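Residues 1 to 531 (the numbering used here) make up the sequence shown, in order.
Just so you know, not all the hints are guaranteed correct.
Derived DMTMM-like pairs: lysine to aspartate or glutamate, alpha-carbon spacing no greater than 20 Å straight-line [stated by the list, open to error]:
id, residue 1, residue 2
1, Lys466, Glu258
2, Lys530, Glu495
3, Lys323, Glu258
4, Lys328, Glu258
5, Lys252, Asp327
6, Lys530, Glu197
7, Lys466, Asp79
8, Lys281, Glu486
9, Lys426, Glu258
10, Lys117, Asp79
11, Lys355, Asp327
12, Lys445, Glu486
13, Lys466, Glu495
14, Lys156, Glu129
Have a look at the derived ranges for each label pair, beta carbon to beta carbon [to be verified]:
id, residue 1, residue 2, range
15, Lys220, Pro469, 48 to 54 Å
16, Ser40, Lys103, 43 to 49 Å
17, Ser49, Ser388, 53 to 59 Å
18, Lys220, Leu507, 30 to 36 Å
Source of the hints: derived by calculation from the structure; they are not laboratory data. Only a predicted model underlies this, so the values are computations on that prediction, with no experimental measurement involved. Note that beta-carbon positions come from the ideal geometry of N, C-alpha and C, so glycine has one too.
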Amino acid sequence: MKNSLKIMGAFLIMLLIWNSYTNVTKASTFREVYTVNSASGVILREAPSTGSTSLHHMTYGTSGTVFSVENGWARIQVDGITGYAPVSFLKKAVGNIKIASSKGGVIVRESASATSKNLATLQYKMIVEEFSAENGWSFVQYGNITGYVASNFIGKPTTYPATVTSKSGVVVKNIASSSGASIGALTNGKNVLVHSELAGWAYVTAGDMRGYVVASFLSKGTAAPITSNIVNPKQIITHQKMTTYLQQIAAKYPSFTELKQIGASVEKRPIYAIRIGNGKKEVLFDASVHAREHMTTNVLLEMIDTYSAHYAAGSSYQGYNVKSVLDKTAIWFVPMVNPDGVTLVQLGANAVANKSNVLAINGSSNFNRWKSNIRGVDLNDNFDSRWSKINNSRPGPSYMQYRGPRAFSEPEAQALGNFMTSRPFKTNISYHSSGQIMYWFNYQKTAELNRDKALANQLSQITGYKVMPPQYLPGSGASGDYFIQETGMPGIVLEISPYAGDNPVPLSRWDRIWTENSKIGLYIANEASKR
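With the sequences and hints as input, model every part of the structure.
Structure below.
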């Protein structure tokens, strides 16, 4: 009887609130974001028939809005083109959980323009899924509404644990309304994470399920929260601090981690690699090849910390069952390839042994622009990827762009290069900054070219970063190019953050950077498990 009264009360409240939403009821048709799940892509056709006119070739990872599914065909809109594709070649996309943070409401528009059609107005604390963000606009979904909102009007919700307390269980809805579509049900005693409460409804995640439930059927604080509580990414992380973090994580999770030193810098600072997961297949992530780009170390450390916590708890993160993914494909991380250079940028010339040399090279005691190692060699020009054909190298030691006296002259490049070829890595992701762009090309042919371009396009869908066209450089000396050359596997460079000039990325940009990159490690590991 008490439960019935609770449901009836919540229903009446939600009827009143629902009627106050601007235009929400107009978007009651089926609309879901799907992504292409076929490695060879899929043809978008004019009609639901393999013999109909081809409108567009959708590559692997391309996302679009599905309006209906019938007889095995999905009616889908991609890049402004609407047509039909076999639904078996698609899968429902999973976005980042974001909360409407404007108390005045958030307008959902038809396109990324303030003058485009108003599809809905979301109330404060409504949850949306964000699939991409570019030029100040985010592509989102709320229930059956898909559209664009101003990115600065949505933010990361504060999450807390709870438990289902209704003996009959609780139905999960796609919107904060009893009239919403049922997604599934949660049994009594089920642990969930709550991301928002809105007029009697709570938005929760439980494993891979996301949606709204009646808040009165939950008991707060009885479930153990899943937190990444070792690394604090909102700070400048020195080599010493990074070392402490890695040692703490390895000590806490010995059953699925491995910490090893793969080399040392010019000034004998250790270069570390750490493995997360027990998968037979492996992928490689590296960061801070360039000294001033040390924010990339923060990105990898937060991945390591977050993924480890969810692996240990057996829980899902960003739509992935972390243990399941990493027990198929383990991730090796090298969070700081250039520890001497990072130390110089962060702490100044007094913190390094070669003080007089770096001051002479730089011509200043301000090292914010410094990219090279401590000897003035740009490590990303020092790998043996057509090194002798590099035509834009500076003639001698410099803060950037000096390739060195010979390929692999620097111990830091040797350490990463040797590690790259010591294990059968399926993919290499090298983090750099800045510009929100990515590079992927090193003269691949046919199948490898299509595979790597498709992978870059999918990462672009997740991060919002622009995929750069082939550069056709005569020589590069870059680590990513060396990986492609030596292994035949994808090597992709991700440049985080809006362009920061010749400076480190400011800490104020951390939240945005993490939102864009938090699932990249799991996506790459999951993709590699299929190859």
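Kindly indicate which numbered hints from before are broken by the structure, ordering the numbers from low to high. Violated: hints 1, 2, 6, 11.
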